[in-house]
Amino acid sequence: MQKGSRFALVAVLIGAVSMPALSHHSGAMFEDRLTLELTGTVTHFDYVNPHSWLYVNIENEDGTITEWGFELDAPPRLRRIGVSPNFWREGDRVTVRTRPLKDGRPAGFLVGAVSDQDRTFGNSDGLSVN
Amino acid sequence: MAKHSYGGMLALSAGVLAAITLIGGMKGSGVARAQSAASDCVPLKSQYPDLGTSQSVSARREFTTVWGSFELPGGPCGYESAEAHYEALLADAMSRGGPTRHSLTSLPDWSGHWGTENSTGELAIVGLNSDYEGMAVRLTPEAREQFEFDARMWRENHAIDPISFCLPPNFPRWFTEYGYREQFLTPDKTVLGSEMVNEFRRVFTDGRSHPSDEWMTNEWLGYSIGFWDEDVLVIWTRGIKEGILQRNMPRQTNQMEVIERWKKVNPVEAGVDIAVNTLGAAHIPEERIEIEVTMYDPTFVEPWHTVVAYYKDDDRSPEQKEIVWPHQWDCVEGSQWYITNDGVVSQYAPGEKPDITNPDFWFDEDYVHQ
Numbered sequence: 001m002q003k004g005s006r007f008a009l010v011a012v013l014i015g016a017v018s019m020p021a022l023s024h025h026s027g028a029m030f031e032d033r034l035t036l037e038l039t040g041t042v043t044h045f046d047y048v049n050p051h052s053w054l055y056v057n058i059e060n061e062d063g064t065i066t067e068w069g070f071e072l073d074a075p076p077r078l079r080r081i082g083v084s085p086n087f088w089r090e091g092d093r094v095t096v097r098t099r100p101l102k103d104g105r106p107a108g109f110l111v112g113a114v115s116d117q118d119r120t121f122g123n124s125d126g127l128s129v130n
Numbered sequence: 001m002a003k004h005s006y007g008g009m010l011a012l013s014a015g016v017l018a019a020i021t022l023i024g025g026m027k028g029s030g031v032a033r034a035q036s037a038a039s040d041c042v043p044l045k046s047q048y049p050d051l052g053t054s055q056s057v058s059a060r061r062e063f064t065t066v067w068g069s070f071e072l073p074g075g076p077c078g079y080e081s082a083e084a085h086y087e088a089l090l091a092d093a094m095s096r097g098g099p100t101r102h103s104l105t106s107l108p109d110w111s112g113h114w115g116t117e118n119s120t121g122e123l124a125i126v127g128l129n130s131d132y133e134g135m136a137v138r139l140t141p142e143a144r145e146q147f148e149f150d151a152r153m154w155r156e157n158h159a160i161d162p163i164s165f166c167l168p169p170n171f172p173r174w175f176t177e178y179g180y181r182e183q184f185l186t187p188d189k190t191v192l193g194s195e196m197v198n199e200f201r202r203v204f205t206d207g208r209s210h211p212s213d214e215w216m217t218n219e220w221l222g223y224s225i226g227f228w229d230e231d232v233l234v235i236w237t238r239g240i241k242e243g244i245l246q247r248n249m250p251r252q253t254n255q256m257e258v259i260e261r262w263k264k265v266n267p268v269e270a271g272v273d274i275a276v277n278t279l280g281a282a283h284i285p286e287e288r289i290e291i292e293v294t295m296y297d298p299t300f301v302e303p304w305h306t307v308v309a310y311y312k313d314d315d316r317s318p319e320q321k322e323i324v325w326p327h328q329w330d331c332v333e334g335s336q337w338y339i340t341n342d343g344v345v346s347q348y349a350p351g352e353k354p355d356i357t358n359p360d361f362w363f364d365e366d367y368v369h370q
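Chains as they are written, first to last, in this note's numbering: chain W, 1 to 130; chain H, 1 to 370.
Keep in mind the hints are simulated off the structure, nothing from the lab.
In this text, all values refer to a predicted model and were calculated from it rather than measured experimentally.
Incorrect hints may have been included.
Over the 10 Å line for every Cβ pair with chain H, so calculated as not near, a few chain W residues [claimed, not checked]:
| id | residue |
| --- | --- |
| 1 | N49 |
| 2 | E61 |
| 3 | G82 |
| 4 | S84 |
Estimated spans, in silico, between C-beta atoms of each pair [unchecked claim]:
| id | chain 1 | residue 1 | chain 2 | residue 2 | range |
| --- | --- | --- | --- | --- | --- |
| 5 | H | P298 | W | T64 | 56 to 66 Å |
| 6 | H | F149 | W | S84 | 37 to 47 Å |
| 7 | W | R33 | H | E286 | 36 to 46 Å |
| 8 | W | P85 | H | T186 | 15 to 25 Å |
| 9 | H | R316 | W | I81 | 15 to 25 Å |
Even glycine gets a Cβ: it sits at the ideal position worked out from N, Cα and C.
Pulled out of the complex, with its shape left as it was, chain H reads as follows (with noise of 0.2 Å):
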């Protein structure tokens, strides 16, 4: 199994600072970590070795890889900020001629229908070690508080899920969710798409930095800016709302910041055998696209890294071609959840919600009224 790592990148030449001034996207703060001193920070996974803090909990499985390392980018306790790490990977393709400027024919393909292998268990997502207490040893004091209110919240029944009154998913919750995945690729923005609420990444690669205080706000998606390093496409999204990393797992600040690197990968040719979770659904063996995530937040103590994984849907029969259509997504319409007078969530049962995509609904004064 291949596995990358950036350990031991050269510090930043006069040289490489003036290029990084180019390509743009070196503007903003970096989030630094609450554990601030590399030289003297004791990684959780030395702290915490019965916790299985180094590797993902995915599809309640384990997950194999054959590109993207769950080795925390950085050295033992990681960058200090998402900038350090950008900068760090910027420095690295420099110095092998990087980065490089695609054309529309030379960008890889990453065309089709895609699904997230993490999509299947709301826990199997960006969590390394998703049980509560390997989530619990990421926080500072403070967070860590914050999420043993918040889990007391979600047993009892009272924790109220944004998504749940249709709500976008914010990011990096974004991978953990269902529906069909699309990519389109061009030389200066990438589009990453979700099905589920109709998401759609936009990842600028032309040079530009992020938005300036000026014009900077907070996005579910965040504002993400990136380049080319050969095959991978690395990514530095900023901006981003603040939310909870999923269902029973710690919140995130507006101040996240999170690093990706995404590459696809032909597990066949690599001689990996990868037990792809499809749910069912036939895909295509040879193709597969593998993110490295590393999540910044002032509330971890460490940097939260993990891996991602695409399968491809396979729609090249006929039958398939039937089957795999994205759709338009409307959350309201077939959403039947509401909060009781005790607090509680509930679902409506059949009669009990007026049907909004009847037109009487809308004109007719009795429906209305009822």
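Next up, chain W with everything else stripped away, as it sits in the complex (with noise of 0.2 Å):
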């Protein structure tokens, strides 16, 4: 995604995408059939328990720059899928597939992503940093 359409969200639709379970809470405050796509710089990624966290600044289209936060699973299990403490690094850009929280502040789970360093996790399939 390019400037001037960052936050000109790509919203889609999904059917039955299978998600990730969320061990540690329910997943009701999250979108369950709106994905988003978004391109950013990454701020820090959080490995730590229950849940991880990735922080990405999402350039808005008036030019302001947002803060969101994507969970993701918990270290055990980010390990055996071999996503590594350094998996995103701060300035890496990333586009990701969020399922957003339903009230609108900017948070989500994270369906999938892709970066700048070659790095693709979960449902990544379409997604491009270019």
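Build the complex from these two chains, which are given one at a time in their own frames, with help from the hints.
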């Protein structure tokens, strides 16, 4: 996604996308049939229990920046699928697919992601950082 | 596939009873089932043949075992109580010269880091048929009514899961959680560890009984005693807190008691083809631990029996040694979960939650009072 369109979100209604289970809490706060695709710059990746969080600065259409948080699974599960604590680093460009919070605040469940460091996560089909 | 059955167990003889007294563990109240007389019982799987109550739905697929049996121990409707179940297992071991008194060198090798195959889906756990109908038929009318209410709460996002508040998963929910599993075996005590919430169960095999009523409490993991029957560890657990079997599953009372049988197997040697769900982790196919789990609760119309399995993480290579590291589980620092004023679950967005691991949070007055 290029400038001017970063907050012109690509909203995709999904049918039956397979989601990883949220083991620590219910996933009720996230949209279950709506996903967004957002591009931005990683600020930090918190590799913590019970859920890890990827934080990304997303540029809005008016040029302002909003930091979004995307929830992932816990480190014990991330280790098993090869996601290290440095899988994403500050400054990486990423495009993420997320199920956002229903109330519009800037956070969501991370469905998939690609980075300019050629790292892919989850359901990243069709995602591009370019 | 080898199957193990304890059907047709002989009644306890006076000699066996005397020996049981020696090893201890017989004191305590067994939990009587609602369906009392075994002779007039009708097994659930006969009453509800279409509900698949004879096979666990585990990891959303067929669950194959080498040794663990899905047959309900104790006959068509099971034992009357956990105590009766434990007595029968002990009597069986004694009839063959047991229980086995191990030394440090004769104990089986359960070392390493393991993962539970049952932690790959919320409902893929202690569930014989984990769908709603399959679980509801297992409950007494009162418990079913409660379960129906709870299910509605879950659907409407009002239900509260204790572990979302960073409380521990109670037992036997302990089996369903993820993270590394570790076992530490000594002749008198076996410690069964789970990385999630840093939980360690202590199973005493030194002949002690459960605590008397004077000392008994209800704990997250209960009180576990057991004995070795050759390379099988038999465990009887009582004194568990009331809770839920898992999210979207029925409640359990503080009278829940659980019988387990643990054994390490070699699927390759046994010629059993098992599609292990490791989430992608490297594992050692020759090593697997299978655990028969039988739950007794006054709210169950029949003992609830299933099989859990652990796969062994392969950390033999330098690359895997870098990855396989159990950690202290801190639930609070990473939890972003809260309940809104409307009573539904929600999540903090960036900047909304103070960084409680930042020392400024504790010492900076402005930060604290923001």
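Verification of the hints:
Against the 10 Å criterion, N49/W falls within the reach of chain H, whose nearest CB is about 5 Å from its own CB. The beta carbon of E61/W is kept farther than 10 Å from every beta carbon of chain H, the shortest such distance being approximately 19 Å. Once the 10 Å rule is applied to beta carbons, G82/W is inconsistent with being away from chain H; the minimum gap is 7 Å. Against the 10 Å criterion, S84/W falls within the reach of chain H, whose nearest CB is about 8 Å from its own CB.
Judged by the Cβ atoms, the range 56 to 66 Å given for P298/H and T64/W holds: they are separated by roughly 59 Å. For F149/H and S84/W, the Cβ-Cβ distance of about 43 Å falls inside the hinted range of 37 to 47 Å, so the restraint holds. The supplied range of 36 to 46 Å is met by R33/W and E286/H, whose beta-carbon atoms lie about 44 Å from each other. Take P85/W and T186/H: their Cβ atoms lie about 34 Å apart, and the range 15 to 25 Å is violated.
A C-beta distance of roughly 20 Å is found between R316/H and I81/W, which places it inside the suggested range of 15 to 25 Å.
Figure legend: structure checked against the earlier numbered hints; hints not met, in rising order: 1, 3, 4 and 8.
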